[in-house]
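With these hints in hand, go ahead and build the complete structure from the sequences.
So the protein sequences, as listed, match chains A and B.
In terms of the UniProt record's numbering, the first sequence opens at residue 1 and continues consecutively.
In terms of the UniProt record's numbering, the second sequence opens at residue 1 and continues consecutively.
No lab work stands behind these hints, which were simulated from the structure alone.
A pair holds if it fits inside one copy or across any two, identical chains being indistinguishable in the list.
Okay, derived cross-link-like pairs now, SDA-like style, lysine to any residue, Cα gap no bigger than 20 Å in a straight line:
id : residue 1 : residue 2
1  : K314      : H299
2  : K139      : R32
3  : K277      : H201
4  : K113      : I10
5  : K139      : S36
6  : K139      : F35
7  : K139      : Q33
8  : K8        : A96
9  : K113      : G23
10 : K53       : S123
11 : K11       : R103
12 : K314      : E248
13 : K8        : D95
14 : K11       : A96
15 : K11       : S110
16 : K113      : T19
17 : K113      : Q13
18 : K53       : S125
19 : K139      : T19
20 : K139      : P34
21 : K113      : Q12
22 : K314      : L249
Listed below are the residues making up each chain.
2 protein chains.
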Amino acid sequence: MDEFSFIKSIKQQFYRQSTLVKGIGDDAAVFRQPFSDIVTSVDTFVENIHFRKDTMKPFHVGYRALTANISDIAAMGATPAFYLVSIVIPTTWCDAEIDDVFRGMHTLASNYKMDLIGGDTVSGSELTISITVIGYARKGSICYRHNARDGDIVFATGTLGDSQAGYYILTNPGDYMDADYYIRSHQMPEPQVNFASYFHHFSRVAINDISDGIGNEAAEICAESNVSMILEDEQIPISDNYHQFLPELQYKWKYFGGEDFQLLGTISANDWPKLKKVADSIHIRLTRIGRVFTEDNQHNVYLKKNGRKYLLPKKGYTHLK
Amino acid sequence: MDEFSFIKSIKQQFYRQSTLVKGIGDDAAVFRQPFSDIVTSVDTFVENIHFRKDTMKPFHVGYRALTANISDIAAMGATPAFYLVSIVIPTTWCDAEIDDVFRGMHTLASNYKMDLIGGDTVSGSELTISITVIGYARKGSICYRHNARDGDIVFATGTLGDSQAGYYILTNPGDYMDADYYIRSHQMPEPQVNFASYFHHFSRVAINDISDGIGNEAAEICAESNVSMILEDEQIPISDNYHQFLPELQYKWKYFGGEDFQLLGTISANDWPKLKKVADSIHIRLTRIGRVFTEDNQHNVYLKKNGRKYLLPKKGYTHLK
Chain A
1 MDEFSFIKSI KQQFYRQSTL VKGIGDDAAV FRQPFSDIVT SVDTFVENIH
51 FRKDTMKPFH VGYRALTANI SDIAAMGATP AFYLVSIVIP TTWCDAEIDD
101 VFRGMHTLAS NYKMDLIGGD TVSGSELTIS ITVIGYARKG SICYRHNARD
151 GDIVFATGTL GDSQAGYYIL TNPGDYMDAD YYIRSHQMPE PQVNFASYFH
201 HFSRVAINDI SDGIGNEAAE ICAESNVSMI LEDEQIPISD NYHQFLPELQ
251 YKWKYFGGED FQLLGTISAN DWPKLKKVAD SIHIRLTRIG RVFTEDNQHN
301 VYLKKNGRKY LLPKKGYTHL K
Chain B
1 MDEFSFIKSI KQQFYRQSTL VKGIGDDAAV FRQPFSDIVT SVDTFVENIH
51 FRKDTMKPFH VGYRALTANI SDIAAMGATP AFYLVSIVIP TTWCDAEIDD
101 VFRGMHTLAS NYKMDLIGGD TVSGSELTIS ITVIGYARKG SICYRHNARD
151 GDIVFATGTL GDSQAGYYIL TNPGDYMDAD YYIRSHQMPE PQVNFASYFH
201 HFSRVAINDI SDGIGNEAAE ICAESNVSMI LEDEQIPISD NYHQFLPELQ
251 YKWKYFGGED FQLLGTISAN DWPKLKKVAD SIHIRLTRIG RVFTEDNQHN
301 VYLKKNGRKY LLPKKGYTHL K
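Quick look at the structure:
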C-alpha cells in the first residue's frame, strides 16, 4: 500500500471531537482552543529508507528527522512548540551515537525554542525515529492546501533540488563546485518557520512544504483546491552552480527530488507584492514560478518548457532510490 | 540503555515554552490553554517485543497498542481526544492484516469518541506502531505522580496479573478456569478512562497506570512524591480463579506482570470513602491496598506478607520474557 492509499484507508468518515478543525488530509491536523489553533503531525524516519549511515552522521539523522516534522508545521503557517520522539534502537547503534541523534534534534529545536516533552525507546532491528510535533497558529489563519483560487500566483522559497544534489555528491565522489553547500542541504536542511510566521498577515495562502518534490506538492494543492496550475520551467529557482549536473538529474531533482523543505504556495495576485516585500526584508529568496487557473475544469499541474506545455507527472520522491 | 536511563538522558535541563506545565517525567506531558490543560504522550509497540502474532490477532495488536496510550492519558486524570499513528510495515504483513490493526484501534477509539488525526507509514523489517495521544483535562486538576502525601490511602482498580495469566494460557495450552476472561485481559485490556474522569472532583490524587507492574509504578510515585508506601499482600486484588496458577507465577504477575492497565493511586484518607462511593456507583472494583508514610525518610515500597515486611523490588515488567 502506498502512502496515498494508506492515508485514504485510515481517514475517518466523520470526526467526533467538537474542537477538531482539520483531521487527516493536510500537512498537519488542527484543533481549536479559545485563543489559538493547535497544529500537530507525525513523521517517521527509517535507516536505509530515509537515510544511510554513510551519508549522514548520527547528528544529521536527528537534525534532518526533526526538520521534516517542523516543516509540516511551517506549511500550515504555524509555529512549532513541542515535540515527542519515539525511537527504535538496533544493537548496531551505540549509546554515543543515539546521544548524537538527540543532540541533532536538540540543536535544531533550540533554534525555534521548542521543547522535547515526551519520549519512548524500544530495541528493534533498524533505527526508526518517529516524531510528533505540536505547534501554535493564530486562530483561523491556517494555510490549508484548499486555499488556492483561480488567478493566484504560485511561488516557491529558496532553491530546489539541492538536497538530492548533496546526496549525489556524497554517493558519487568527485570534483564539484559548492560541494559543501549541497551536502549541507542534504544533511541539515532548514525548515522555513521564520517566513511561515508572516503568513497570518495575509487573508488566504495555500502552502505545502516540499518534502516529496514540487510535482507532488503542487498536485496536492490542486486536488484540494480543485484548480490547475501552470509552472514555468525557467522560473523554478535553482542554486548558482546547479547547472554543473547532468540535465536529466537537474530535471529529476528539482521537480521530484524532495527533501528540500522549501515551501510551495499560492497567494492572490493583489497580495503577492506585499509577500515578496516580506521575504526580501527577512532575506528569504522567494520566486514566482507560475499561476493558478480553472479554465480546464481539471486539477492538473502543467509545466511550460521551451514554449510547450506538458502535464507534470504526479510522481513523488521515492526515498534513496 | 534502559528506559529509565534513556528518559533521564533526553530530559531537558530547562524548558522554553511558557505554556508548558509538565515536560518529561510523568505518564504524559501537560501544556496549558485558557480553559483546559492539554495532555500528550507517545508509546511504541513492536512485534516480538511487545506482542507475538501467535497470541494476538492483528485486531488485538491495534486495540492493545492504543490501550497503552489511552491508559497514560487516564493516568493523568485526563480524557483522550485525538491520536496519531506512525506504523512501520514489514512485507510479512498483508494489507488486510494492517486494516485489521487499524480496525482494532478504531474500535477502542470509538468507545471514547477519539479521532485519528494523523498518520504516517513506511516499510521496514518489523511491525512497529508508535501512537501519540492527545487529551484534555480540567485546568489544574492533573493527577501527578508527585501528589502523594504522608497518610494517604493507596488504591488499585480492577484485579492484577490477569493479562500475564492470559498470555501464559495462550503459550501453555491446557485446561484452565475462566480461560476466555484471562485471554481477553491480555488481548483487549480496557484503559480506565471512565473512572479517571471523576478524579477532578478531588483536590489531590496521584496516579500511575499499571503498564509495567505495580512494583515499578508504586516506586515511581514514591520517588516523585518523596514518600514511602507499604502494600498489604492479602489486599492486592486478584481475580476469582487466580489461585489456579503456581504461587510463584501469581506473585510474579501481580507485582511485576504489567499490561493490566489498571490504575494505582493515592488519595487522602478523608477523600477515600467518597472515591470508593464513586467507584461503586460506576461498577469499578476499587481496593485499598496500602498506605503512604514518610517516617523512614526514604522513598521505598514495602510489602507486608504473612506478618513480615519486605522491600518490594523496583524491577518492572520485561516484555515477553
